[in-house]
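Q: If you want the building blocks of each chain, they are given just below.
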Amino acid sequence: MTSKLDKNKSTGIETKKRREPISSTNLLLTITICTFIGMYGFAMLMWGGGFLNPQQFFDLFNNNAYLIVISCGLTIVMIAGGIDLSVGGVIALVTMVCVVYLDDKGGSVVGSMAVALGIGLAFGLIQGALVAYLEIQPFIISLAGMFFAKGMTTIVSSVPRTSGNEAFLVLKDFRIVLQNVGSYAKNGNFIPAKIEPGVFVALGIVFIIFVVLRWTRFGRNLYAIGGNHQSALMLGINIKRTKFFSYLLCGILSGIAGYLYLLHTGAGNVSNATAAEMQAIASSIIGGTLLTGGVGNVIGTLFGALSLKTINTIVVASGLREPYWQSITTGLMLCFFILLQSVILSIRERGGVKMVMPKWLRRSSSDK
Amino acid sequence: MINGIKKIARSQLLVPIIALLALIIFNLFRDINFFTISLITNNEGNQVLSGNIISILTGASELAILAIGMTLVTAAARGQDISVGAAAAIAGSVFVNILRSTQITPGVIIGAFVACCLVAILFGMFNGTLVAIFKIQPMIASLILFTSGRSVAYWINGGASPTVESPLISHLGSFIPGIPIPTPVLVVIVFCIIVALILRFTNLGLYTQSVGINERSARLNGINSVWIKMLTFMFLGVCCAIAGVIAVSRIGLINHETILLDIEMDAILAVAIGGNSLGGGKFSLIGSLMGAYIIQALTITLYAMQVPSTDVKAYKAIVIIAIVVLGSPIVKRYAAQLRDKLAKKPMKVTENY
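Chains A and B, in that order, give the protein sequences. Numbering of the first sequence is given in this note's numbering, commencing with residue 1 and proceeding in unit increments. Numbering of the second sequence is given in this note's numbering, commencing with residue 1001 and proceeding in unit increments.
The following block holds chain B by itself, in its conformation from the complex (with noise of 0.2 Å):
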């Protein structure tokens, strides 16, 4: 039990978890009642699962999915990928006009869903053939589908925002009869259990923290560093085209100027509070994981608290630097000598992590 604290304490998901109880208790003291999930019926006529946990799970699906990919881009390629909004709107484009083309059918969605994958993992190889081959700086590579990505969204549109108006669609976007949980947490679920199996059956997880940690030994090891990077793109690829299909199931229609907006920059500091470096290397899933739902959290409470939706960034702000400055690796040794002192120990040689 005490090795087990310990174990947290001494792991980089110690911050996350912090700052997800403070989230809680915080919201605790304020309203009691703010944790309730009640069970409603919608105006389909079916049961459903109500109240703000949901509300946080649901809304941070996007997200969640988007941190995962940026997770393994961010271990591997040592950088960023701000291109995700972009290509999350591409990609929910295609699918628009996919199912406008014709009548939605089951297979209809799914051939469609295959094909803003396929359209996401060439956009995701964009990326990371400027990442791996011509060794450019991956949030400058990413920079140019980010200036243009949303104009193609555009143009693919033909300059308007269509809709698709289908039970089917809509079902995705939020509940599919008889299922009390939201679709789109269903999604996460999945889709994390898959990436989770392929960690666990395939070296992909090793390979891409010995390519981010030092590239050179890892081609001398005889990994292929550029595939490993360039794979890790594609499969950031996949996670927006998911993302880009459950936001636009969402609300029924594209808009390329609004679709998931800034959520590059939450995906990234998903990535950060999870306690991941952003210089690549080693990585945990479940801290992104995290990150993305403190960050959902931290608005959800914030809207609760009737800030304006405008004002909500700069008190997120506050947050999340206070988050990250207890994480940063000066404050931890200060707090490391801090402890000893106070437990009176003889004072040790801090641990270079």
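Okay, chain A solo, but in the shape it has when bound (with noise of 0.2 Å):
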């Protein structure tokens, strides 16, 4: 609407200065993303080394895809005012599942593909349809879901499981090869960087559900249920499809994300992405997106999952080796994040500080 407008009066003569101001999407976009550069750039200058090696910047994304994914997912999830604890549980259904059917049952590697996105369909369809029909509060029926997933796990092999699949292992170890990046070994040798295809494949993830919240109909559905429930209806918006189309979505993006996993690792194992749905919610946090609804961004969500890896990095490097202050630290990190958002917008709501955009950024804050 406002774009709109904005272009009827750029063809007019510009009459005076608009000051514009920041939407709360944007504004807790920029906060996460000035973080996390603020705390890459930190480390790099304290600790240099590693921090300073391209590697360890792509590994970032090489060992986090899959938590990328998911983040997505719930992004979308929590957008629309609900939410979906079950991402985890399928991730290890979906490794599992995989493994087996590629050893035990001879099964090609685009049929494991296959039965990846159909797990996290069938999750998708059942709890989307439980929620958005039947309207269970969603967080009862991922609960179950989580639990179901986490238990057919188990029931389907106790043991861990390491994939033999050939074909499948070729593609596990493909990389992407970086000849121009790198850094040197001790001995002098050039290390060109590594990327992993899932990467690509999560970023491109992110772009589409980028692409999809802010330009089509059912991403503007999203953000006017999750922003007010009661007018999104008068609207005539079809709440109930759109909350099952969002569940869905999440859904595939969890099966996408535990093809992704099992290509990282090549293993199946109950214990896989343990607590990745709480860590999914705190990045999807983290990068700006309120439970309650209505504000968020994915691209938000790609720095908060980075800014929430980068920091048990950096706890490592800092000395701090004991495994309990990296949790401790994400907590406090959540800690940080949760208040800031709570304070700016209460002091939005009363409208003490109003913050303007800066002018090469102004076209793009179309979207409230």
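Hints were generated in silico from the structure; no laboratory data involved. Treat each hint with caution, since some may be false.
[Claimed, not checked] Simulated restraints, written as ranges between beta carbons of each label pair: (1) A:Ser157 - B:Ile1198: 47 to 55 Å; (2) B:Ser1011 - A:Ser346: 35 to 43 Å; (3) A:Pro197 - B:Asp1262: 17 to 25 Å; (4) A:Tyr133 - B:Gly1279: 17 to 25 Å; (5) B:Glu1257 - A:Glu166: 34 to 42 Å; (6) A:Gly111 - B:Pro1180: 57 to 65 Å; (7) A:Met113 - B:Pro1180: 54 to 62 Å; (8) B:Ser1038 - A:Thr292: 51 to 59 Å; (9) B:Gly1279 - A:Glu166: 50 to 58 Å.
For glycine and all other residues, C-beta sits at the position ideal for the given N, C-alpha and C.
From these two lone chains plus the hints, build me the complex, please.
A: Shown next as structure tokens:
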């Protein structure tokens, strides 16, 4: 709406300077990106070494491609005001079923991808139908989904399995080697940086979801439902169908994430992706998504996930090697972001502070 | 009599009662001796009760206590605290570490219990502050403690799993000599009586419900909604401390990673199975208690059917989904319409609960 008005105005004479306030979504997004860049830059200055190595930066993506994907799924669901706790369980189930399918049933790689998608789709379908059409609380349904997925994983195989399928191993060990970027080893050899193909899948998904959320009817409906359920209903938005599709999409994304996890580790295990749902929720929150719905952006989620993982690396680099420091700092960081969001949003509600977008960003702030 | 049945059929307790009855009947068909209770002599030479019912009642003690606290928090704050397991781990660690520092006497145990209650109340206040003052969703606010709480427990324990060995502690976790009823069950009974008295003689229940139903109008009516929310979180803290102490006394050691694992999920489920809305407002503590015992009965039934403990989750999930689907408003409405059709009554506008 606003962008159309802008266009009409820009055809005429620019009458006066318009002070366009930054939207909540964009403000929280900006904070997250700045935090990530600041944190990584600080780490580079402080500890140098590993952080200056490009491989360390790419490993951040290599190790967490699955987390980025499920965080995107959760962002979609959370924007619509729901929650999905089953994503971690689905990842574990997908890894286990795919390994068993590849090794015991002699399945093909393409077949295993279809299996992964199918599992995700099934979870999305059932959970979406129960939440949207039977109006059951999403927390309970997805919690049961998590229990079911974890239980099914041990029913499929109670011991961890590592895949030995050759075609799969070829795919798993495939790396994109950057010839120009890399680091020098101690003996002077140049080691090019390697990127896993899963990273591109994850970034592609982030881009697609970004487009869907911003420029499609479905995406705008999600924001409308999460922002105000009643007025969305009165606008004639099909709330049930939109909610259903949000869970469906989240289910499919967790299926994909499960396959990415398998590509990264090559093993099926019930303890795969333990507590991934909480990390994904944390990533979304750090990225500026509100659990109340209506506010959020997948780009923020991407940076949220990266920040969450960077802080763990920093904690290890700073010499606090005891494992409990990682979760304590994660908790503190979460606390910081949650308080920040709460304070900023309450100040904005009172209209106390008006932030103005810099000129070069103003065009993109058309959404609320 | 008929009025009574109608009242039950309309109340939120219908689904939990049906679920419990179904579980009992299923177990009777499966094994007629499932519910026999026998008096056996345990290895300390005491006469104690034993049987599946007793193990259900004992096993669900922590869950029942946490479910009561969770119900109040859910009612007032319109959301759930997912950090109860972590808070119980912290409380248990404090309890164990105080006991390890001195000679264990009943007085010291009471002192340690009070200390761990205070610590748990502090953590409850932390969550409560975030929720009541900063207006953060309870689940998000407690996510902080959920991620870091068990690590705090690990830090308190200095990275080990300390043990306490004392007959007094094992009495607390299993049986007091001369009393055949397990101590955790007694604790739950005493706790329930205290809570019932508090709700009977104070306005806490009413105030909690009114804050949950409409916070604005509650405030305009002179209820300090911030304080009520804070109070429910502090109360949940006490519940966490009691649950932590029971769990520690059972096995005589604290392991920060495994103690009361996933109990937050079970506690929230108990609240939901009890027919309480997870969106706050009216609540029924009896429903939540029944929910807790249903969950434990289900687990024990599955164990009795030789289901491996790791697979139990999948079957539990199916039963839970069945229960919540039966209890969902839409299904209830269809059921009411169907009943009216069968009774050949004219269709009436269904009530909106």
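Q: Taking the hints in turn, state whether each one holds.
A: Right, here's what the structure says about each hint:
no. : hint                             : verdict
1   : A:Ser157 - B:Ile1198: 47 to 55 Å : holds (49 Å)
2   : B:Ser1011 - A:Ser346: 35 to 43 Å : holds (39 Å)
3   : A:Pro197 - B:Asp1262: 17 to 25 Å : violated (35 Å)
4   : A:Tyr133 - B:Gly1279: 17 to 25 Å : holds (18 Å)
5   : B:Glu1257 - A:Glu166: 34 to 42 Å : holds (37 Å)
6   : A:Gly111 - B:Pro1180: 57 to 65 Å : holds (59 Å)
7   : A:Met113 - B:Pro1180: 54 to 62 Å : holds (59 Å)
8   : B:Ser1038 - A:Thr292: 51 to 59 Å : holds (53 Å)
9   : B:Gly1279 - A:Glu166: 50 to 58 Å : holds (52 Å)
Consistency with the previously given hints fails for number 3 only.
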